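J.: Generate the whole structure from the sequences, applying the supplied hints.
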Amino acid sequence: MKSNGSIADKDRVSEWLWTLHRIVVDVVRTDSHLDFYGESRNMARMSDILAVYAWVDPSTGYCQGMSDLLSPFVVIYEDDADAFWCFEMLLRRMRENFQMEGPTGVMKQLQALWKIMELTDAELFEHFSAIGAESLHFAFRMLLVLFRRELSFEESLIMWEMMWAADFDEEAVRHLEENCLEPLLVDLSNGLSSEVKEVHRINSSTRRKPRTRKCHSRNGEICGACHPGMKSSTRNHLCGLSGATIWARPQQMPHPSASVLAKGGDYELPIFCVAAILIINRQKIIRGTHSIDDAIKMFNDNVLKINVKRCVRLAIKLRKKYLYKSLKGGSSDDKES
Numbered sequence: 005m006k007s008n009g010s011i012a013d014k015d016r017v018s019e020w021l022w023t024l025h026r027i028v029v030d031v032v033r034t035d036s037h038l039d040f041y042g043e044s045r046n047m048a049r050m051s052d053i054l055a056v057y058a059w060v061d062p063s064t065g066y067c068q069g070m071s072d073l074l075s076p077f078v079v080i081y082e083d084d085a086d087a088f089w090c091f092e093m094l095l096r097r098m099r100e101n102f103q104m105e106g107p108t109g110v111m112k113q114l115q116a117l118w119k120i121m122e123l124t125d126a127e128l129f130e131h132f133s134a135i136g137a138e139s140l141h142f143a144f145r146m147l148l149v150l151f152r153r154e155l156s157f158e159e160s161l162i163m164w165e166m167m168w169a170a171d172f173d174e175e176a177v178r179h180l181e182e183n184c185l186e187p188l189l190v191d192l193s194n195g196l197s198s199e200v201k202e203v204h205r206i207n208s209s210t211r212r213k214p215r216t217r218k219c220h221s222r223n224g225e226i227c228g229a230c231h232p233g234m235k236s237s238t239r240n241h242l243c244g245l246s247g248a249t250i251w252a253r254p255q256q257m258p259h260p261s262a263s264v265l266a267k268g269g270d271y272e273l274p275i276f277c278v279a280a281i282l283i284i285n286r287q288k289i290i291r292g293t294h295s296i297d298d299a300i301k302m303f304n305d306n307v308l309k310i311n312v313k314r315c316v317r318l319a320i321k322l323r324k325k326y327l328y329k330s331l332k333g334g335s336s337d338d339k340e341s
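The numbering of the sequence shown is the numbering used here, which starts it at 5 and goes up by one.
Think of the hints as simulated: they come from the structure by calculation, not from any bench. Careful, some of the hints might be misleading.
To be verified - The list that follows gives simulated cross-link-like pairs (lysine-lysine, DSS-like), each with its CA atoms no further than 25 Å apart:
no.	residue 1	residue 2
1	K119	K14
2	K112	K329
3	K14	K325
4	K112	K332
5	K313	K332
As the list claims (entries may be wrong) - Computed Cβ-Cβ distance ranges for the label pairs, DEER-style:
no.	residue 1	residue 2	range
6	G42	E127	41 to 49 Å
7	H37	E130	36 to 44 Å
8	G42	L331	50 to 58 Å
9	E130	I80	37 to 45 Å
Since the structure is predicted, the reported quantities are computational estimates derived from the model, not experimental observations. Glycine included, each C-beta is placed from N, C-alpha and C at the ideal position.
T.: Quick look at the structure:
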């Protein structure tokens, strides 16, 4: 019995070392053109944050593409804790994209994109059907890493900011806050200073709505991502996590559905941004693709024209058109250009 436990421990260690290896390999290649990552300490910061996330969310672990999503936060924030919490909150929206079993969130988004094209652009819909590109796999990367590979670093930040601002929904944010990963919850009864506990007691007892929304869980626990004061109160922590919290039991944890966001899974703005990119480049796509392989090559080579502001504006219009036609049951007669 003891030998079986020892073998299991060795397997876990080997799996963890393999995870760390994959993280380092991907980090070295992520945004390597930026002077910021010319300093090894900045690459080490990204590696550390990805390793911490893989530890506290073992059912997701680390997957290729996560470094692309984290990199902007590492560049923007000097504090690793701030970068970690921004990344963690983003993955609450996108975690389903990186699951290993069943259909991923991206595949569901591609199915939604196909329905969007059917109702908003008949010409492209018919063209993709004719060349056998109904799966729309050529758009997989766009949705997986939110256009990081298709846009420059600065343009991708603008795209993210515009999408999140246009898609802000207070109810969806509240739902995301309530689905904090269990190892990231802070137990107020242990490890916090009396001053922090007193602040929490005052905020809990007052009738006035507190400025900072707190993500409550059982036994008075709150999520550190939603209460920065709790993060800064711990000492000798890594990415804002106390030692007791970060080494807490890593196990299977419930994940929020990807469809929790503002308008539901079919209505997320990034999907409509992909549709907008297709429509803006309609003629180039029709002339240059005769099979799905041609479409995949065209997207991998980044030859499509993407104007971020025009793309987001058109995406918002497409969503309105799609919702209207979905309710009306109409077809795609008119085109956007």
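J.: Each of the hints needs a verdict: does it hold here or not?
T.: Each hint, compared with the structure:
1. At most 25 Å may separate the alpha-carbon atoms for a hinted pair to count; K119 and K14 exceed this at roughly 47 Å.
2. Only pairs whose Cα atoms come within 25 Å are accepted, and K112 paired with K329 is accepted, the gap being roughly 20 Å.
3. Distance hint between K14 and K325 is unfulfilled; the C-alpha atoms sit about 55 Å from each other, more than 25 Å.
4. A distance of roughly 23 Å separates the Cα atoms of K112 and K332; the hinted pair therefore holds under the 25 Å criterion.
5. A threshold of 25 Å between alpha carbons decides the hint, and for K313 with K332 the separation of about 29 Å lies outside it, so the pair is violated.
6. Separation of G42 from E127 is about 46 Å and conforms to the stated range, judged on CB atoms against 41 to 49 Å.
7. Hint check: H37 to E130, Cβ distance near 39 Å, so the stated range 36 to 44 Å holds.
8. The hint said 50 to 58 Å for the Cβ distance between G42 and L331, and at roughly 52 Å that hint holds.
9. The given range of 37 to 45 Å is respected by E130 and I80, whose C-beta atoms sit roughly 43 Å from each other.
Hint check: violations occur at hints 1, 3, 5; the rest are consistent with the structure.
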